[in-house]
Amino acid sequence: MAGATARGGEGSRSFNMILFYVFLIGFVLVSIAPLIWIFKMSIVTRADLFASPAATLTAAPIAGSYETIFGDASFRRALLNSTIIAGVTTVICLFFGSLAAYSIARLRFSFKSSVMTLILAISFFPGVAIIAPLFLQFSAFGIIDTYVSVIIANTVFALPLTVWLLVAFFKELPKDLEEAAKIDGATTIQAFQKVIVPLAAPGVFTCAILTFIHAWNEFLFANTFLFTPATQPVTVVIPNFATTYTTDYGAQAAAAVVVTVPLVILVLIFQRRIVSGLTAGAVKG
Amino acid sequence: MATATQPQKKKRGGIIGEFKNPERRTAYLMVLPTLLIILTIAFFPILYAVVLSMTSSTVTGIGSFAGVSNYVAMFQNPAFIEGLYNTVVFTVISVFFEFIIGLAIALAINRAFRGRGLVRAAVLVPWAFPTVISAVMWRLMFQDQVGVINYVANALGVISQPILSDRTLLLISAIGVDVWKTTPFMALLLLAGLQTIPGEVYEAAKVDGASVVQRFFSITMPLLKPALLVALLFRTLESYRVFDLFWAMSNRELESLSTFVYTGVRISQLQFAQGNAASVFIFLTAFLLALVFIKGFGMQTSTED
Chain U
1 MAGATARGGE GSRSFNMILF YVFLIGFVLV SIAPLIWIFK MSIVTRADLF ASPAATLTAA
61 PIAGSYETIF GDASFRRALL NSTIIAGVTT VICLFFGSLA AYSIARLRFS FKSSVMTLIL
121 AISFFPGVAI IAPLFLQFSA FGIIDTYVSV IIANTVFALP LTVWLLVAFF KELPKDLEEA
181 AKIDGATTIQ AFQKVIVPLA APGVFTCAIL TFIHAWNEFL FANTFLFTPA TQPVTVVIPN
241 FATTYTTDYG AQAAAAVVVT VPLVILVLIF QRRIVSGLTA GAVKG
Chain E
1 MATATQPQKK KRGGIIGEFK NPERRTAYLM VLPTLLIILT IAFFPILYAV VLSMTSSTVT
61 GIGSFAGVSN YVAMFQNPAF IEGLYNTVVF TVISVFFEFI IGLAIALAIN RAFRGRGLVR
121 AAVLVPWAFP TVISAVMWRL MFQDQVGVIN YVANALGVIS QPILSDRTLL LISAIGVDVW
181 KTTPFMALLL LAGLQTIPGE VYEAAKVDGA SVVQRFFSIT MPLLKPALLV ALLFRTLESY
241 RVFDLFWAMS NRELESLSTF VYTGVRISQL QFAQGNAASV FIFLTAFLLA LVFIKGFGMQ
301 TSTED
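In the order they appear, the protein sequences are chains U and E. Here the first sequence stands for residues 1 to 285, where the numbers follow my numbering. Here the second sequence stands for residues 1 to 305, where the numbers follow my numbering.
There is no bait here: all hints are sound.
Keeping only pairs whose Cα atoms sit at most 30 angstroms apart, straight-line, the calculated DSS-like set for lysine-lysine is:
(1) U:LYS171 - E:LYS20
(2) E:LYS225 - U:LYS171
(3) E:LYS20 - U:LYS182
(4) U:LYS175 - U:LYS194
(5) E:LYS20 - U:LYS194
(6) E:LYS20 - U:LYS112
(7) E:LYS20 - U:LYS175
(8) U:LYS112 - E:LYS225
(9) U:LYS112 - E:LYS295
(10) U:LYS171 - E:LYS295
Calculated from the structure, these hints are not laboratory results.
Based on the provided sequences and hints, a complete structural model is requested.
In structure tokens form, the structure reads like this:
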């Protein structure tokens with residue numbers, strides 16, 4: 001990592017360091033400022049909110065906005081819906097994804113690059129191009145406006161991500177262990193279950209987090225296939241709060257904070273893993 | 001797929017041999033579910049969309065054959081033209097700024113320094129937000145009653161009307177929000193690419209007397225090219241299908257190609273066939289874009305080590 005930067009004399013070096021940290025601080029502030037501002041909006045009194053946008057707090061912070069949105073049954077329902085949709089999508093993707101990834105990373109077969117290209121092509125595939133045909137088919141099967149419709153659509157777009165990440169993780173695992181298992185008489189499937197899966201647990205876990213975030217953040221399919229509050233996730237419900245809570249900007253801000261804070265915490269705890277997961281594909285090209 | 005095999009000598013007699021080998025059979029069985037899911041849920045529907053776009057279809061199903069009349073009607077529809085214009089402007093400008101700023105950040109943080117973890121965490125915060133929620137957040141800040149940005153812009157005399165009531169300002173704001181949200185991600189991808197360039201290459205160039213600028217253009221850029229192309233293609237295609245951001249930022253006022261398709265499916269019955277034509281249009285143009293990157297710029301798609 002060294003060597004990429006120019007090194008001047010002592011004086012210009014410390015000046016460069018100051019400039020560097022000023023740049024960094026600016027960058028970090030710009031990244032997190034909106035979240036902090038919205039958090040502030042969610043805890044101030046109505047008078048403070050409207051007084052003057054840049055006003056500092058004149059009254060003690062209040063939790064009124066949070067009481068409003070958690071008192072709203074449709075918001076609580078939306079949180080539950082999001083959790084179910086993202087959770088089930090993650091489980092399905094991990095199951096099929098790990099099978100496919102193991103096969104690609106470890107086993108020998110002829111059409112491997114065609115298979116990988118096909119899977120990869122999905123990441124370039126515009127989801128919006130298929131919402132009309134899927135809408136017709138889901139209606140025909142009677143699964144429109146159910147979790148199933150969105151889970152199916154989410155799975156096909158999250159699966160390539162899962163496969164891609166897991167291939168990278170599986171390739172890093174030492175090969176000798178499974179070979180030892182096979183010599184001891186284990187089948188390919190047993191070697192996968194007993195040796196690879198436990199060893200790959202950290203990688204699989206990272207993958208689960210990324211898939212979950214992907215499904216939790218999904219909007220287009222949910223907005224197209226789900227019409228009723230009984231099935232809509234938070235991403236669909238919250239933008240509509242602009243009409244439900246017309247001028248209750250505090251409640252809108254509180255809702256935004258509630259759905260992003262868990263993600264932010266997740267990201268802060270697992271940032272190292274997430275970064276290595278996200279960049280695993282890009283580096284290899 | 002059988003025709004794709006090379007005419008050179010094959011190991012163990014082609015397809016049949018492939019399936020006789022137990023390891024290979026297991027391998028195929030393991031990838032099969034994923035392939036089936038992808039083929040039935042992504043590739044079959046796109047063919048169906050082509051059929052729907054060529055008939056006078058409605059939200060209840062296929063209609064009588066209509067040739068290319070839906071495409072003609074689509075190109076004459078001002079909503080589609082507006083969507084196309086907004087999408088192209090949005091994609092070109094936002095990806096350009098994300099790339100320039102992202103590269104600057106990646107170059108700056110490509111070294112060991114105190115607080116590296118903090119920076120990495122801060123980078124991930126905007127990325128982790130759902131796009132619609134970040135749009136809602138920014139909308140609150142652009143808002144004319146309580147929005148801090150609207151207030152400041154107004155105080156400075158930059159704007160003459162509320163930001164959210166003007167479509168051009170909305171488009172500019174949407175580009176700003178997108179740059180805020182995805183530049184860090186771009187920086188991460190480029191940083192990962194930079195870290196694969198060995199430091200010795202720079203040392204050697206320095207010994208040979210290459211200047212900073214020379215080193216950047218003759219070492220960094222060529223060696224970064226694979227990571228750079230992947231990042232650019234991903235971001236271009238993602239911006240090209242923009243939907244969430246426009247939807248939540250503008251309260252459905254800003255039209256994009258994707259919102260045009262959505263209108264056909266969920267809002268306007270009359271526009272269903274045109275919506276399918278737009279779906280096919282998006283698919284083909286996205287495919288062409290990917291092709292330009294892969295063939296034109298020589299992007300590597302190989303996933304083998």
